[in-house]
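Taken in sequence, the protein lines are chains W and Y.
By this note's numbering, the letter at position 63 of the first sequence is numbered 63, and the numbering carries on one by one without gaps.
Basically this note's numbering = 1-based index in the second sequence + 283.
A couple of the hints might just be wrong.
Quick list of in silico lysine to aspartate or glutamate cross-link-like pairs, EDC-like style, CA-CA up to 20 Å [stated by the list, open to error]:
hint, chain 1, residue 1, chain 2, residue 2
1, Y, K412, W, E263
2, Y, K296, W, D107
3, Y, K409, Y, D504
4, Y, K296, Y, D499
5, Y, K412, Y, D499
6, Y, K515, Y, D504
7, Y, K472, Y, D447
8, Y, K296, W, E115
9, Y, K296, W, D108
Simulated from the structure, these hints should not be mistaken for laboratory data.
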Amino acid sequence: MSFFARFARNRGALAGLIILGLIMLMAALAPILFPESPWRMVQRPFLAPFEVDGFWLGTDTMGRNVAAGLMHGAWVSLLIGLVSTAVALVIGVPLGAVAGYHGGLIDDALMRFTEFFQTIPNFALAIVLVAIMQPSVTSIVVAIALVSWPPVARLVRAEFLSLRHREYVEAARLIGQSNTTIILRQILPNTLSPIIVLASLMVATAILLESALSFLGLGDPNVMSWGYMIGAARTVIRQAWWLSFFPGLAILLTVLALNLVGEGLDDALNPRLTRKRHQESAT
Amino acid sequence: MLYARLILMRLLKAIVVLLLIIVFNFVLIQLAPGDPAAILAGEAGASDEQFLQQLRERFGLDQPLYVQLWEYVSGIATLDFGYSYRQQMPVLDLILERLPATLLLTGTAFVLSLGLGILAGAMAAKRAKRVSGSVIMAIALLFYATPLFWVALMAVVLFSVYLDWLPAYGMFTVGAELTGWAHVLDVAKHLILPATTLGLFFMAIYTRMTRAPMLDAAQQDFVKTARAKGLKSGVIQRRHILRNALLPIITLAGLQAGQMVGGAILTETVFAWPGIGRLMYEALMQRDYNLLLGIFFFSAALVILFNIVTDLVYRLADPRIKEAT
Chain W
1 MSFFARFARN
11 RGALAGLIIL
21 GLIMLMAALA
31 PILFPESPWR
41 MVQRPFLAPF
51 EVDGFWLGTD
61 TMGRNVAAGL
71 MHGAWVSLLI
81 GLVSTAVALV
91 IGVPLGAVAG
101 YHGGLIDDAL
111 MRFTEFFQTI
121 PNFALAIVLV
131 AIMQPSVTSI
141 VVAIALVSWP
151 PVARLVRAEF
161 LSLRHREYVE
171 AARLIGQSNT
181 TIILRQILPN
191 TLSPIIVLAS
201 LMVATAILLE
211 SALSFLGLGD
221 PNVMSWGYMI
231 GAARTVIRQA
241 WWLSFFPGLA
251 ILLTVLALNL
261 VGEGLDDALN
271 PRLTRKRHQE
281 SAT
Chain Y
284 MLYARLILMR
294 LLKAIVVLLL
304 IIVFNFVLIQ
314 LAPGDPAAIL
324 AGEAGASDEQ
334 FLQQLRERFG
344 LDQPLYVQLW
354 EYVSGIATLD
364 FGYSYRQQMP
374 VLDLILERLP
384 ATLLLTGTAF
394 VLSLGLGILA
404 GAMAAKRAKR
414 VSGSVIMAIA
424 LLFYATPLFW
434 VALMAVVLFS
444 VYLDWLPAYG
454 MFTVGAELTG
464 WAHVLDVAKH
474 LILPATTLGL
484 FFMAIYTRMT
494 RAPMLDAAQQ
504 DFVKTARAKG
514 LKSGVIQRRH
524 ILRNALLPII
534 TLAGLQAGQM
544 VGGAILTETV
554 FAWPGIGRLM
564 YEALMQRDYN
574 LLLGIFFFSA
584 ALVILFNIVT
594 DLVYRLADPR
604 IKEAT
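In isolation and in its complexed conformation, chain W is listed as follows (with noise of 0.2 Å):
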């Protein structure tokens, strides 16, 4: 079976996938539908949605286009997700690797040093970072990355345990090859489909994260975010609830999304494991 037909016979991660295309289809289009910015004010303030023609979602506090914002923000959100794994990744795929490869006083070492990041609270260490740099992309970007390597570098390591006595590693390192070669080019390529399967659900959480620390006034101020929209309407929350629950409701279908192309990406990719599983559960 071809990897699309085992990933497109997990209905779920169909749904999620055509989801996430729709999402991402708004943050290409924002810029041509919307190419003003979303900061600015274009109509008088609280307009419920459809009250008035070409503002579907209605105007906010200050009589901002939520469509816009809405649209201008997905952009945001997939950006920061997809930077801020990314740089996750380059932090714990070689904290890991060499972990677990290496064995013994650097294991240690290394893992005393994950298990400390690990110990302290996520979102609170992220807050403080984010304080202390000044709000800005980048600043939420590090924070993030920061804050969510420490799973990739555990599971990282415990693949590398698994695979570096295994013969295709022995024989390798028999005609010669530089542990770095073999760290690279033997074992790596192997440990490939969980650490997709942790990215996709790692961007999930990251933009759950951004979204957190925006709502909390922690956003990039020239960047338009649904976090920041729903902490801006917070406070009328009694006079005009849609204004928050529109991007709220962009969140969640977009983190649903993402959960459920990990999911479906897992069964794709370690199709023997998933067919185990699906035993188990039927007996």
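Given the coordinates of chain W, work out where chain Y should sit on it, guided by the hints.
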């Protein structure tokens, strides 16, 4: 005897971690753009030069870095977290005043989410082949993907504004001056929405975490034996399968404690719950970095405490684990 040694070991480890966090805080202050004195004073830029000079002398900011680090660490070791110039109170007093509210909120949410999560997960495992099992897992996934602060806001709209069933803000009715049971009831009413919305996300996690180990445990030989003995399926579910699956759940629950403290920041902000999460939001709004770092330290300490407690519970639940550390 064994427990005493174990607790001692865990406390030692905790002290090392907390020391590292203090050093980490110190590094953060150094890394922050601008004058450390201004940061300690909670001022962004424009501030009285004489006052800053006083601060520099008081914190020894004119001293070499390693002396400063020592001063900072020994200060916190003697529970001196500095002074919040914005709130005109020592940081420690501010935090201790707010701590009980946070403990009440996170404790309730923790018990609620763990209990309901395990129940839902066990039901989903038992109905793994049926639609009802899939429905439970779908709901769990939905809650897992929902932003905590958004659920909280929507709960306010639905239950406070629209239905007018529950209070939306604060911890007790201001001005009511209730005492005794009336006060307890009042606080409980205020607690329902924050604790439930904070618990939902974690309930989803525990549901997912319970299902898999229960399915695993159901495959074990002792379950077949129990079935062969003719035990009722409910008894097998509860006493054989769940009890064995519970151990990994307790471990993971301990690891989730840190996230719970983080989630409390959002929940307390939405519901104006007077805990350290709300205090952190206030510190953030006022750029009161000294207070912010103090709360950060306390939240880490809280997580470590949670971890030690779950570790002990784990050992009580499974006497086979003797001296693994």
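Hints, verified against the model:
1. Y:K412 to W:E263: Measuring from Cα to Cα gives roughly 19 Å; hence the hint holds.
2. Y:K296 to W:D107: Judged against 20 Å, a Cα distance of about 18 Å means the pair holds.
3. Y:K409 to Y:D504: holds (17 Å)
4. Y:K296 to Y:D499: violated (33 Å)
5. Y:K412 to Y:D499: Holds - the C-alpha atoms of Y:D499 and Y:K412 are around 15 Å apart, at most 20 Å.
6. Y:K515 to Y:D504: holds (16 Å)
7. Y:K472 to Y:D447: Judged against 20 Å, a Cα distance of about 12 Å means the pair holds.
8. Y:K296 to W:E115: holds (11 Å)
9. Y:K296 to W:D108: Given that 20 Å is the threshold and the Cα spacing comes to 15 Å, the pair holds.
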